[in-house]
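Add chains W and B to chain Y, keeping to what the hints say.
Going line by line, the protein sequences match chains Y, W and B. First residue of the first sequence? That's 10 in the numbering used here, and the numbers climb one at a time after it. First residue of the second sequence? That's 12 in the numbering used here, and the numbers climb one at a time after it. First residue of the third sequence? That's -8 in the numbering used here, and the numbers climb one at a time after it.
Keep in mind that the hints were calculated from the coordinates and are not lab data. You can trust all of the hints, since none of them are fake.
Output of the computed footprint for chain B on chain Y, the stretches with three or more beta carbons under 8 Å from beta carbons of chain B:
no.: 1; stretch: 104 to 110
no.: 2; stretch: 113 to 119
Pair by pair, the computed Cβ-Cβ distance ranges are:
no.: 3; chain 1: B; residue 1: 88; chain 2: W; residue 2: 61; range: 26 to 32 Å
no.: 4; chain 1: Y; residue 1: 545; chain 2: B; residue 2: 65; range: 47 to 53 Å
no.: 5; chain 1: Y; residue 1: 231; chain 2: B; residue 2: 291; range: 52 to 58 Å
Quick partial rundown of chain W residues pointing at chain Y, CB under 8 Å, derived from the structure:
no.: 6; residue: 164
no.: 7; residue: 279
no.: 8; residue: 298
no.: 9; residue: 299
Just so it is clear, CB atoms sit at the ideal spot from N, CA and C, and this is done for glycine as well.
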Amino acid sequence: MGGKTKRTFKVSLMLMLSLSFALAGCGGNNNNGNSSSAGEGDKSGNAATQTAGSDAGSDKVKPFEVSVFIGAAGQQPTPDNKIYKKIKEETGATFNMEFLAGDINQKLGVMIAGQDYPDLITGNAKLVTAGAYIPLEDLIEEHAPNLKAHYADYWNMMKDPSDGHIYVLPNYGVYNGKVNSSYYSGPAFWVQKAVLKEFGYPQIKTLDEYFDLIAKYKEKYPTIDGSPTIGFEILNYDWKNWGLFNPPQHLIGHPNDGGVVVNDGVAEIFADKDYAKKYYQKLNEVNERGLLDKETFVQNSDQYLAKLSSGTVLGMFDQHWNFGTAEDALTTQGKIERTYVGLPLVYDTATKDYYRDRPVLNLNNGFGISINAKDPVKIIKLLETLISEDWQKTLAWGIEGEDYYLNEEGRFMRTQEQRDQATDATWQLANKAKSMFEYLPKIEGSYSDGNATGPAEQPEEYQAGLKPYDKEFLDAYGFQTYVDFFSEPPQNPVYYPAWSIDLIDGSDAKIANTKLNELSTKFLPQAILAKPGDFDKVWNDYTSEIGKVNIKAYEDRINELIKWRIDNWSK
Amino acid sequence: MAETLTQQPVARPPKRKKERRFTWKQIKDQRQLIWMSVPLTLYIMLFAYYPVWGWTMAFQNYRPNKSFGEQEWVGFKQFHFLFTDDNFIRVLRNTVAMGFINLVLGFVTAIILALLLNEIRKVLWKRVVQTISYLPHFLSWIIVTGIVATSLSINDGIVNIVLMKLHIINEPILWLSEGKYFWGIVGASHVWKEVGWNTIIYLAAIASIDPALYEAAEIDGANRYKKMQYVTLPGIKGTVVILLIMSIGHILEAGFEVQYLLGNGLVVDWAETIDIFVLKYGLAQGNYSLATAGGIFKTVVSITMLLLANGVAKRLGEERLL
Amino acid sequence: MDNRQISPQPNAGIKYRKNSGIGRLEPFLFTTFNTVFMICLVIVTLYPFLNTIAVSFNVGNDTIRGGIYLWPREWTTQNYKAIFASGYVYDAFFISVARTLISTLLNIFLTTMLAYTLSRKDYVFRKVITVIFVLTMYFNAGLIPNYFLIKDLHLLNTFWVYVVPSMISAFNLIVIRTYILTLPEALIESAKIDGAGDFKIFWRVIFPLCKPVLATIALFVAVGAWNAWFDAFIYTSSRQHLSTLQYELMKLISSTMNSNANPSVAHGSGMTAESARDMVTPISIRAAITVVASVPILVVYPFLQKYFVVGLNVGSVKE
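Chain Y extracted, bound-state conformation (with noise of 0.2 Å):
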């Protein structure tokens, strides 16, 4: 080490931290030198401010800056996005958008101790606790009149159990017109299209009958492609409990209501009734006979849906969306017979099934105003321009003729580059504006025309989509899609779904929930592979640990709100 390197060492280290000074300056203009894309709090608030005077009806649009946080993950569009730009375009408007990845609780922690909220937050629960909306009725009756008839039907399900103020507007669950359905995302037993066919496309009611059929399957296919044949899988990693958890509930013939099970408005917990231990016994059973993965309890989420999609898996219960990968992948490797369709099955064919339900309103989701947002009018007149039909076409179709077109009958369709493209998250970047759009106020059902409300629910899209197995499939069924397996809903409870009761975070209500869960993620396994003989003494343990757990603040909590609701949404 000569004198030299030393030398040359120390001054690129001068060097360096007097640039680090000379960053700290240009840092600092950095900042006001970029509020435009940055979003200042002081200058977006200002620029509100001066359009706000304005008249909203005139033809020359002022621009003006919406910051917004997205309590969910998502990606920054590009700067050229075409949705956003025609936005910006004819109401003025840009977004300064967040996104989260990180742990809400922590990002939520800071933001409310600092009350550091840009103009519009998604909803969050902790956030209506925290103070951090403004309530929203008396600016939709003065200004936004479609914004109003569009919630007219929900609004009374729209407001805060505490206070009675509407604070979020939901950015799911309102129907207009005809609902197409043609792909279920929700709960069911899925056993794999080539089980079915191998039978002759038997009709499937009971947990047995199901149990039964993947069993004779499994004996005359011992492997599937040269790897062993797995009877029936069961997730259970971290917050992807329901595959252990929910199926006694709906074996009954009744809908998801989360952990508890609601009869004549009074809810209770299943899982220590009888016909939970029924299907746990009925696992054990399952296990025995060989059917059961005997990796089930020890896989991570990838492992299963690496399972899934190497095709060698009959069936398992799950909520469809929580699979479409593995099925995207069978689907490339051409192994369409192995793809799966959700049977709603029961204990007895009494019970009539009741899987599929009626779209409920996505509450505690969507937008809300912040009390930091300048100019509240501004916002809500921009929600309100978003929410007509013209603007909902744009969002959810895009542009005619570039990502959709008309056919002679007037239908919106896609030619198959169309269809093609916007999968391809990249070209979402550029030409969708779906991460706004996804918490926006929406149309679903269909528009006033008849079309469906996005491509996905269109029926002819569908067809047009569907594989010649699966028209062929269908056909032996009778059935047009793999929804009409289920039974057509009835009208949903008024409380209906339980699931979305917010328990309140700290509360013993909470606590019980997460101690139950923590007691069935340990148990149920147990029971499940314990010999039979044994099954019996775990489940009593199981059961006497429930005992411990302060079960009627949960139940408590539940009820009280499901009162409520009755007392304030029966219409």
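For chains W and B alone, coordinates are given in the frame of chain Y:
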């Protein structure tokens, strides 16, 4: 802390006693040293110590939307919740056990690897091995645990395949379903991910040993092991002891990510750590107070352990941290 | 306290046994063992990285099936395209480089300076300052009070929030102090006799001698700064132009996971095998992100590595 501060001068030989009372002359003589250190001390006081006012949260029912004056004071309620939970003892046991296993395995493997690397004569090979061994440090736990879980699978997991081929086991073992294996799996995963990275600091220590010592030892006829024993190890002993003392203070830092990612219902009694517990009942419930109480508990344990370790080192006449 | 004992003395009284018969075979055995061991180590530690690279170049929907080991099964660059699609990654890369450089240099300079003062046994505040710093390793005030501090100091939404709160780490301080203590005290004494002030001693004498340990510390700080994302998440998340590479990648992976687990996304409907092939999945995007995020810092490594792997001839400098 004040205790150690006042105790130590007494324990020292009498001639150092004057160190306790500093004179103006000393201050004047050492003004450059003071300028070099006191501003930085003030800086750390501001950034690390000043925010500790937030520990008051542990005695409140903290709600972030309220100001300090409006908070509800609840005394030791949060600590009570923490310590009286049925799971607390088990969670503490798991944390200490995994913390301890990680500490021992981490130290031993890193030092052994450093010694073995030091024995490689071909510089290029040494650099290659060293560079590769630290690569896993840059992978996130989710990737590493993904590979661990796949390797331990009973279907085509490499671990079961190898053990079967070697006839150590007769049928595949479902490693992640048994609590008794869990701590070992976590420890091994840590070693796998971090051993190369942990070695770096010892390599630096070895690099600074005077080569003349090796030459002298060689002249005395020392073989490889003698040189390790009498030159290399004493050369890095200072570093080892200091790092060990610091790590003992971190015994409760068994983490949560690995346990969270590898754990499942069947091993939950062995997998759950204090951090997971506090996360589940604290942060996930918006209960910042409980999270703070958990942090304070860990700090108290940490500093106690640190002082104990430091005291033991002092007793043994080894390098000390404080 | 004194570990300047690393001088030839400890060896003086030791009698080494003469090499016996087995001794001649021994070096060969050892070298063989060591080489085999190192090869195993290389295989075991290289595998996860190669696997990650293979996954990053494999079609996302194919990766889900598992069974990707060292080579992609269905080649694609789609995962990388998805990362660079938005263009924000480039700006974020610059911010990350800047914060890493500045943090590293400031840390090295300030920590070594402080470590030097704490290595001086005669320094009056030595004890108290050491204790003050050491304790910071074992407590954390918590997220919210820290946020208030940053806010009150007007560091919120500035670049400097990446640098200022983490200019000194107690761990590094102790490591450097321990190292300086191994340097001969005579160096300082003789510099003093030459009339050098303490700063000058530090800068001219001590600092240059610390290279091996500083290379190590530089690596620790640089890797830490490069990998940090939490500060961007808490303190600057509403400023796109201040986003760091890690945070951008974090957003990307979260959004991929989100859109793959979104009930409102109808999978499979109207999708052809070709378009399904172009979709990215969390596993594949995570792999590509890992490669993108770690390659720049890996490139730096060999430059620092020579200081602690090859060794610095401290002895010769000492004279």
